[in-house]
Amino acid sequence: MNLVWKLLRQHISIGQLVGFFFANLLGMLIVLLSLQFYSDIKPAFSQEDSFIKNDYLVVSKSISALGGFGGATQTFSESEISDIKAQSFCEEVGAFTASQYHVYTAFGMGASPAFGTDMFFESVPQSFVDVKSDLWHFEPDKGIVPIVLPRSYLAIYNFGFAPSQSLPKITEDVAGMVEITIIMRGNGLEERVKGRVVGFSNRLNTILAPEEFVSWSNARFAPNEDSSPTRLIVQVKNPADESIMKYFGDKGYDIADDKLDAGKTMFFLRVVSIIVMCIGLLISALSFYILMLSIYLLVQKNTQKLQNLLLIGYSPARVGLPYQLLTIGMNAVVFVMALLLLMIVRNYYLDMLWSVFPDMDTADILPAVLLGVALFVVVSILNIVAVHRKVIAIWENRI
Amino acid sequence: MNKIIIENALPNVFAHRTDITSDIWQAKAFFERGHLYLVEANSGTGKSSMCSYIIGYRHDYSGRILFDSDDIRQYGTGKWVELRQKSLSHVFQELRLFPELTAMENVLIKNNLTGFKDMKQIDEWFDALGIGDKKEQKIGKMSFGQQQRVAMIRALVQPFDFILADEPISHLDETNSRIMAEIMMTEAKKQGAGVIVTSIGKHMDLPYEKILKL
Chain V
1 MNLVWKLLRQ HISIGQLVGF FFANLLGMLI VLLSLQFYSD IKPAFSQEDS FIKNDYLVVS
61 KSISALGGFG GATQTFSESE ISDIKAQSFC EEVGAFTASQ YHVYTAFGMG ASPAFGTDMF
121 FESVPQSFVD VKSDLWHFEP DKGIVPIVLP RSYLAIYNFG FAPSQSLPKI TEDVAGMVEI
181 TIIMRGNGLE ERVKGRVVGF SNRLNTILAP EEFVSWSNAR FAPNEDSSPT RLIVQVKNPA
241 DESIMKYFGD KGYDIADDKL DAGKTMFFLR VVSIIVMCIG LLISALSFYI LMLSIYLLVQ
301 KNTQKLQNLL LIGYSPARVG LPYQLLTIGM NAVVFVMALL LLMIVRNYYL DMLWSVFPDM
361 DTADILPAVL LGVALFVVVS ILNIVAVHRK VIAIWENRI
Chain W
1 MNKIIIENAL PNVFAHRTDI TSDIWQAKAF FERGHLYLVE ANSGTGKSSM CSYIIGYRHD
61 YSGRILFDSD DIRQYGTGKW VELRQKSLSH VFQELRLFPE LTAMENVLIK NNLTGFKDMK
121 QIDEWFDALG IGDKKEQKIG KMSFGQQQRV AMIRALVQPF DFILADEPIS HLDETNSRIM
181 AEIMMTEAKK QGAGVIVTSI GKHMDLPYEK ILKL
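Protein chains in written order, with my numbering: chain V, 1 to 399; chain W, 1 to 214.
Keep in mind the hints are simulated off the structure, nothing from the lab.
Being a predicted model, the structure only gives us computed values, none of them experimental.
Treat the hints with caution; some may be incorrect.
Stated by the list, open to error - In silico EDC-like cross-links for lysine to aspartate or glutamate, where the CA-CA straight-line distance does not exceed 16 Å:
#, chain 1, residue 1, chain 2, residue 2
1, V, Lys-6, W, Glu-136
2, V, Lys-246, V, Glu-225
3, W, Lys-79, V, Glu-179
4, W, Lys-202, W, Glu-40
5, V, Lys-61, V, Glu-91
6, W, Lys-86, W, Glu-40
7, V, Lys-301, W, Glu-100
8, W, Lys-135, W, Glu-100
9, V, Lys-6, W, Glu-100
10, W, Lys-120, W, Glu-100
11, W, Lys-135, W, Asp-123
12, V, Lys-61, V, Glu-78
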């Protein structure tokens, strides 16, 4: 055995080191777990639609039982729309335009359609849609209609419809390859066009098609129908602006404000995660003090030995090394254990999360690993410096 | 390193004293490589201080101490480590052995650092000094006289230009002190080193070339 180590391990307090070990493990685990949990759950609340501008609200008029039967109009008039446009929070207003004719759609791959359904389309002005313009485009001659479906439809199909009909589950990528035949009837005409799913939306509860297509088909199959919008898409400057809620509340309009709810949830989640992380850091810091006190005590008790080693020609670096390796070793074990525990706990809670948010994207574990590495490096460097300073103090005869 | 020069030096604790008559303090003394010196001192005249200054352990003195032409105050940690490994060997009066280690381990902890001697040589020294059967004994269980011999062996397992033996034989009988002196002088001659022995009374019986009074 290394004689220097044999000498310097005298007076090592196993109890103190065990105390440090568990305290540090707990601290690091809490820090890493809070970060990991936050990044894992974040996508569930903040999934954004890549193809549509972000700060928008979908506004509709409230449907009441009386209004529904009494013929009160659900549509927005020109003056109502221009009033919204005039509000200070408003950046841009677009109308949802619905198809006014009969649509039947058959889904399937290859020749035989798997199932079909009556359907409708809505469109919003081109400027709200962020899909690459070559995809979000319709020309009557070429005849392929790009479609954006609510993501919940995919879940309904995968978890509701497909198992009951012994159909395969499909992913979003596969959904893009499904052949869709759209049969449009009206105005004494019947025509077929092909469609393709180009995206899924969490926030738009509609079947979205390009504005070009809806206005072309409305003109063709329902030239005389009124196509006043029932829903508006409003791009706002700041979704947290209180006047938005007030204005729409006064007017009796409904806002699909899941964005606002998710924002609040995220805010709470972030605050809680930061508090938990701070507690973890505090425990880590305290455990670091335990270790430092333990090492200082050890150095103090072994001062004579350290001094003698220095006097017979050992360098301060060489004399401090065993204690530095001891602390680095412990930090490394703590780091590895914390990561292992993190993964175990994560697997446990991910199962729960997936059962609640089946289509949730999982976050990478890399940021937590990097944070762990950063903690390990910082704590180890502090340990190394502290031990070195202590040994130098002995060298300079200050202890 | 060929020469240690002590120039007008005085330990700070003696700064207020006016009655210093010494060959070393407030004087110019030097030790040269390849020569043998005895520093005789009464208790409390700063003998251990002198050794501490030369080994770089303490610096609480006025005046100058030079190694060749270098003022040793300018030496940094690295230089002192190098000197203690390669140029200066010291048999401490208080021995500074490690009681938790065995006699052999106390020697090896130094030899592992320098890699200077082989086991055969070390074994021979243990045998010659009459502690061949004590190699595996913990230092804490050995008498002071036995410990002094281990300390001397430890001082010899390194290259040196000077060896400082601070009262190396205070607890040894005549035979053992003679053997120890022989071993030390043989090794010092082999290395061409200077030898500085200190004593407050009983001292190694050696042909000193110069005797300095502290």
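Hint by hint, here is what the structure shows:
no.: 1; hint: V:Lys-6 to W:Glu-136; in the structure: holds (15 Å)
no.: 2; hint: V:Lys-246 to V:Glu-225; in the structure: violated (34 Å)
no.: 3; hint: W:Lys-79 to V:Glu-179; in the structure: violated (81 Å)
no.: 4; hint: W:Lys-202 to W:Glu-40; in the structure: holds (10 Å)
no.: 5; hint: V:Lys-61 to V:Glu-91; in the structure: violated (20 Å)
no.: 6; hint: W:Lys-86 to W:Glu-40; in the structure: violated (26 Å)
no.: 7; hint: V:Lys-301 to W:Glu-100; in the structure: holds (14 Å)
no.: 8; hint: W:Lys-135 to W:Glu-100; in the structure: holds (13 Å)
no.: 9; hint: V:Lys-6 to W:Glu-100; in the structure: holds (9 Å)
no.: 10; hint: W:Lys-120 to W:Glu-100; in the structure: violated (24 Å)
no.: 11; hint: W:Lys-135 to W:Asp-123; in the structure: holds (9 Å)
no.: 12; hint: V:Lys-61 to V:Glu-78; in the structure: holds (14 Å)
The structure shown violates the earlier hints numbered 2, 3, 5, 6, 10.
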